[in-house]
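Combine the two chains into a complex, taking the hints into account.
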Amino acid sequence: MTAVQAGASPAPASASESFSNVTCVFCGLHCDDLEIERTGQSLQVTRNGCGKAKAGFERPLVKSEPRVGGQPVSLNEAVAAAAKIIRSSALPSFGGLGTDIDGMRAVMSLADKARGVVDHAMGEGYAQNMRVLQTRGWFMTTLTEVRNRADLLIFTTDVLKYHHRFFERVIHAPQTLFADGPVKRTIVLIGEGYDTGPISGPGVDEIVTISCASDRIGEVISALATLSKGAPLPAETIAGVPKPQLEDLKARCEKANYGVIIWIPSAFAFANADLTIHRICDFVKEMNVKQRFAGLTLGGSEGSTSAAAVAAWQSGYPLRVSFASGAPQFDPELYAIPRLLKSGETDALVWLSSLTPDLAAPQTSIPTIVIGTFDMKLDREPDVFIPVATPGIDARGQIMRVDGNVVLPLRDLHRASGLANSIAVLNAIEAAL
Amino acid sequence: MLIKFTGGKVYDPANGIDGQVRDIYVRDGRVVTPSATDTISAEYNLAGKVVMAGGIDPHSHIGGGKMNIARMMLPEDHRHDNVARGDLTRAGCGHAAPSTFVAGYRYAEMGYTAAFEPAMLAVNARQTHAEMGDTPMIDKGAYVLLGSDDYFLRLLTRGADKEEIKDYIAWTMHAAQALAVKVVNPGGISAFKFNQRMLDLDEKNAFYGVTPRDIILTLGRSLQELGVPHPVHVHGCNLGVPGNKETTLATIRAAEGTPIHLTHIQFHSYGTEGDFKFSSGAAEIAELVNQNPNVSIDVGQILFGQTVTASGDSMRQYGNTKSANPKKWVVMDIECDAGCGVVPMKYRDKSFVNALQWAIGLEMFLLVKDPWRIFLTTDHPNGAPFTTYPHLIRLLMDKTFRNEMLRRIHPGAQAATILGSITREYSLNEIAIMTRAGPAKSLGLKDRGHLGPGACADITVYDDNPDREAMFTTPAFVFKNGEMIVRNGRIVHVVAGATHVVRPEYDRKRTEKPLKDYFETYHTMRMENFRMADEEVITAGCGHAPGTCGCLIVQPVGTRK
Ligand code: SF4
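As you go down the protein sequences, you meet chains B and V in turn. Residues in the first sequence are numbered consecutively from 16, following the numbering used here. Residues in the second sequence are numbered consecutively from 3, following the numbering used here.
Next up, chain V with everything else stripped away, as it sits in the complex (with noise of 0.2 Å):
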């Protein structure tokens, strides 16, 4: 069954097409070339319409640990965004921490097709993916967390082999069933436990004596060796602290050219200088990413009102629990492994520092040249739910709306933040790459985020309304493997979406004889079991038997060196 999509504009940097007319065929949910003797068996004539890739959103806490006990504290924030059970759907809930159903229509409905877990406790990977299997239209993926973790950090005190340490990320990363690596705070929620309460760029952990540093680039070198698509995820140290922009520069100076991506840069790009001692660091450090083309970023804009904060950093969650609003926050230490801290937050425009926190991130935006290493993140719900993103768009195409709302804020905010002099505004094009084309390099996904031949058929289609925001609120249809799911924002059918994994080469007998013993001797649980078996994903909602379906998804990877 060949489908034609005609005449519609489209944006596909990827293969290099900005906005010019061009048909587009699908069968058996991929993007074809069709011969002239095909028979054209449905048509949507797309004229004047705006025509992309599926979103893809690298970085958006959607499913696990931290966010379910986010679900569970927040009763108050549901009651406002109670969704009811549909024809199609399931009830559920929305808006800062919503039910997984919830998320993965809503993600649909905003033209997105695919959005990435970033922050997977290893020893959290079931629940992880059980939530991701809970969350449908869309694909998953789940960056596993490490660099807290006690095995690497031993490893590194040892100064183990370079090999040893390649193969237990690999092997981590095919027991969490992980499609990249992320690292949060370096060490840090380590430290946390031994009761240090910062560790920046070049502070050892009291008990391991290894530094951030020394993680970020083990990790980094070790990915880029395995041959990994996506570098190794950074969130960095100091996350929140005025003056760490300076910890952030450094960062970028210390991968020393090996690829890193640095996450919700916004919270690490803050300066110290002005009547509230916090400034904006946006310009500094956007000029050191345009002069690193190693280093890609996503920004982790935050938007005004409420929502809460989930993250594996329980050492800086636990210092922005002064913050809390409404007053209640949990942090936890988890199995000598990682952590997490969940902390409410309201933004206030009226408040100096929320207030200038949203220009950074709008700074960061306009100041970052290359499109295609800057990706459009709230860091989901941290900064703001993703449902805001129509809204960001809007604030970054449309420099009229952008000032106007500048002009809202906090008047020392106002007068501290350089965006009212900023001109720039987002083509169609640069925002088609930093919300497809973009992210789907970065992870490695080949055949997302284009529309070239052999992509897989996920399609949105926009009207082209001069009003952005509403533009991307509401699409016209979302297309999932060439089905249609979404028509005028509404679902008009439900898929399950597929999980995305890579699995990079290691040892398994070398790697498991000495991990074996370890989790005996000092866990509660045995390594066996915490390897997850590909069944695990596979049936994890999709309702398919396993391996009958294209729901694991396993991406691939680089020759290892």
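Same shape as in the complex, but just chain B (with noise of 0.2 Å):
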């Protein structure tokens, strides 16, 4: 077996240090325009970085060792005994995935080997896009076209709760490449529990609600489309939004130079939400006969763009992947961890999470090994817990950005955290197994 180093030493090389550009990794907008101080040990961002990010970054380093049954073991131990878990489970799945590029390529490294099964925490989500990329397909942008060129943007959800600094990176832009100034927009927020509050700004000429429950939202969309195709509604109101509310939006999509409507799929959280999007996507590639119209997909926390990605590129399938049989097979009902935990398929559970303490483990009573944060929260103690390295934070890395396309670099902040890489951990259980 090879043996693992933990970092390097505890003290950090210089008393204090100043980064910019830095990458932030608390959602999947990963803002690049970040300032963070660092002395000694601790982190403090000083400009451009949200609540979340600040949270994030400043939480206190505090001493966290591997363990093995609750009992404090050297790294190597605990490394020893995860791949012993994993060679006596017949069919093992990773899950969690909070990590970046590399994180994940070492993921799926140790799955392909073990035959196990690869999901994302956030895998639900990602599987209502795919059910629509994999039948229809569809139009998109990415967030420096709507910064640039978006002049009606359709919101679905409260797209704030989720990119504190959306508005701000994307929408309120003083100067814009098509313009003199700000885009002139109009902002439409279809469904419901908005906080309009922080819309208003630069650029944000109107804005406009349409209310209605977000599982209805699909059934305004396909209004909408019935609409623009010139035939006639079927009723005097559509999910409770009365005609000429919906042909005043017709109207809006039709004068727009760059329409784009916005969806978080996990925030569609009612059943069959693929077919809400299947309608999203479908109105989208219809406007683009004639003018011009982009779907955006946010969320993407938790590194499940990369996830998704690399698995993709390295086994042919989104997340959702079973290495069983040796080779992979894709299927997002039958491989989702949640339902084979339920089902008792699955025997034993690898959960990383090494960018937010927040993406706790399923409860479950197979044996089950945890790859977190020093400080992550665990509703009970894993049978194995080993700490790691934050990349971003305490190691450099690569992640996605939630549009796909943009690959931001993560740095290290030099705080000396003495936590081990994942992937040095992930490729040491997989050379002990």
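For the record, the hints were derived by calculation from the structure and aren't laboratory data. Just to be clear, a hint being listed does not mean it is correct.
A short, non-exhaustive set of chain V residues, derived as facing chain B with CB atoms under 10 Å [to be verified]:
(1) Ile71
(2) Arg73
(3) Asn126
(4) Ala132
(5) Glu133
(6) Tyr320
(7) Pro328
(8) Asn531
(9) Glu537
From the derived model, a few chain V residues whose C-beta atoms are all more than 12 Å from chain B [claimed, not checked]:
(10) Ser43
(11) Asn47
(12) Thr274
(13) Leu290
(14) Arg404
(15) Ser423
(16) Glu427
(17) Asp466
(18) Val494
By construction, the Cβ of each residue, glycine as well, lies at the ideal position given by its N, Cα and C atoms.
Here it is in structure tokens:
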């Protein structure tokens, strides 16, 4: 077995250091403009971080050691215990997957060898999108396009709850590429539970609210599609929205230079949410016959965009892949870890959460290995716990932004945490199988 | 340790060796001339076998955002070709959009030792390099896309000084760790975002007022003056549009002698004659290519069956969505920088259009005279997956076989092609040129694609089987850097493969000052984070510590003029 090294010296190389252009790992937006001061082992976000970022970076580092059965052990002992659990498992599950691209590469390598199942904690939301991609496809855009082009933005959920800086970084742009100053934008909020307070700002010309239950947004979008085809609506109100309001929205859509519809799959917490996404994507496609429109899917927290991308390029399939047969098999229902836990088909759980302490492992009685942050929230003591470095704080790495395409570098902020790198830990477990 | 490859029939066109029996000596991964006192520590008796440098694919979509969309979108295609983990190899899947590992294994098993991703978006460079890093066995590199990016178009609009433009091109190549520069539907990807649906060579982008002609010429001349070996890699206007041969002919003339490479030219060689208003323009284009030594091409041959098309050309891919099979597709606008479109496609020999596309590609191969200026590609996976290369080679080398295949296609297409009247058969030497020596020369890979002293010992050995498809499907041996990696078409040793880049000179300070402001004012990513560091490429899967291996190879450039 290869011995794994914990991080370097327990004391930071220099007493203090300033970092600029730091990428934040605390939501899928991955803002890369943070300024961070390090004094000793403590970090302070001095510019551009939202509350979530501050809370995330500024958690005081506390000493954390690997444990087996609740007892402190050496890293190598923990690795050996983890390997033993995986070795004796008929179908191990690799879940959580709160990590970056390199971390996910190590997970895939281990799961491939261990003949396990790979699924992210956000796997269900991701699967909703994948169902649409794999049946119909879509027409999408990315943040910089939205920032500079979008003059009509249709929201289907309160994005600010997920991405505190979305409006600041993408919508409230004082200068844009194709207009003098800000783009004059109309913001349409379809659905429920919006906080409209923080939406106003440079460029936001008008805010239109269309109230309906979240699970009826699909009907509203279908009504828009019907109207834009020149067909009559079947009723005077659709999902409680009166016809004139729908006609007004249709007219706004047709007037737009670049319309964008935004959704967050995990925010659609109702059955068959993929059908709502389906309708959104079909409407966007239809609008493109004559004019320009695009979709934008957000969320992507806890490294889920990176996890799905790596799974796809290494196995051919997005998340919810099983290597049980030796070859990858993909099935978004069968290989969902929540289902496998419930049915008892999986008999060991490896849970990785190296980005935040919040991605709690699901309740289960099967042997569990948690590879997590030093301050990982644990509902119960796992059989093996290995604290690891957070990429973007204690280790270098790369992470993919929620809109795909853009991959940002993650920095080591030199707080010399002494925490082991999760890649080294996963590689060592693999070598010990 | 000196290895001797004894008595093979060597096809090494770069060194003028055409099937002569030669011994080749390799030490420390390089071809060497041994001295009389050297002792030979290993010997391979290759009597009767055919020896070539490892194959080099100069245009194959092996990594990056659009390929990963294709993978995610097509589980039904992978399911026919799931690949189990082996003793040496990782699990994955194959066919149209293979997993990275399987792509690497299959290239090597087919005797290829390098493949180049031709459409890396600068904003997507990290993903592209990560995927290439996870593509084992072969060397890689990527061509960065320019020409629909806002910054470049702005430079043209304001008539920027040509040194400033060259600096920006060079900066982008460094930032994205690129080997060459590609332009896709020049200015058209941007135009589509302003709702323009087509952009011909002399049409203006509605916002910037620049034409594809301006863009191609500026990129072509700048790259030449920067000393970048590979000329501007042009995916022209109007891909797939009947009548686009006129645009292609005009593009060749527009180059005015500047070196250009026209890629997947098959998709740009269509006329509008006949009942279907779709005809072959191959003869006219081949003629003009023959007359213009500044022009090189690759074909982008289509072969029948299911595949997926993945391109940066969002405008034309959107146009092609009508033909999507199965009926699903993705188009994207990306970061005021680029775009992409992914459309599954099933080419059928009983479809007039598909059958004629097949014939047009073959006509092009057979009518262009100089094999140093035409490379064998299917534009993987757009015309067909790269695993069809052995079949394509047989079509080129075996007239009887070709004519048999011709008789199976749509009768209207048979009548519309001159293919049946062409008697040319490619020789092994010509195949070695267009699959090795030619691409290496064009890309500036001085120590690849040949077997002279100093060459990297990437060597493929074939049985001299008269069935050329069988021969090129299953090489007897493949060596990478002198190590045997494939025996009888099976992987016997896994290696990482290197990434090749070029780094033209530029003034970094002068270039980055305005760029830094530009990124901060308009983009959602900082310039400093747009730029990729060397360690990010090197650590991508090679398993070596930064700086301790040859995994990042900086190819020489000429002096800046
Ligand atoms: S919005 Fe998200 S990425 Fe940006 S600073 Fe806040 S938590 Fe970090």
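Hints, one by one, checked against the model:
| no. | hint | in the structure |
| --- | --- | --- |
| 1 | Ile71 | holds, 8 Å |
| 2 | Arg73 | holds, 5 Å |
| 3 | Asn126 | holds, 5 Å |
| 4 | Ala132 | holds, 6 Å |
| 5 | Glu133 | holds, 5 Å |
| 6 | Tyr320 | holds, 7 Å |
| 7 | Pro328 | holds, 9 Å |
| 8 | Asn531 | holds, 5 Å |
| 9 | Glu537 | holds, 8 Å |
| 10 | Ser43 | holds, 31 Å |
| 11 | Asn47 | holds, 36 Å |
| 12 | Thr274 | holds, 24 Å |
| 13 | Leu290 | holds, 36 Å |
| 14 | Arg404 | holds, 33 Å |
| 15 | Ser423 | holds, 42 Å |
| 16 | Glu427 | holds, 37 Å |
| 17 | Asp466 | holds, 35 Å |
| 18 | Val494 | holds, 20 Å |
Checked against the numbered hints given earlier, this structure breaks none of them.
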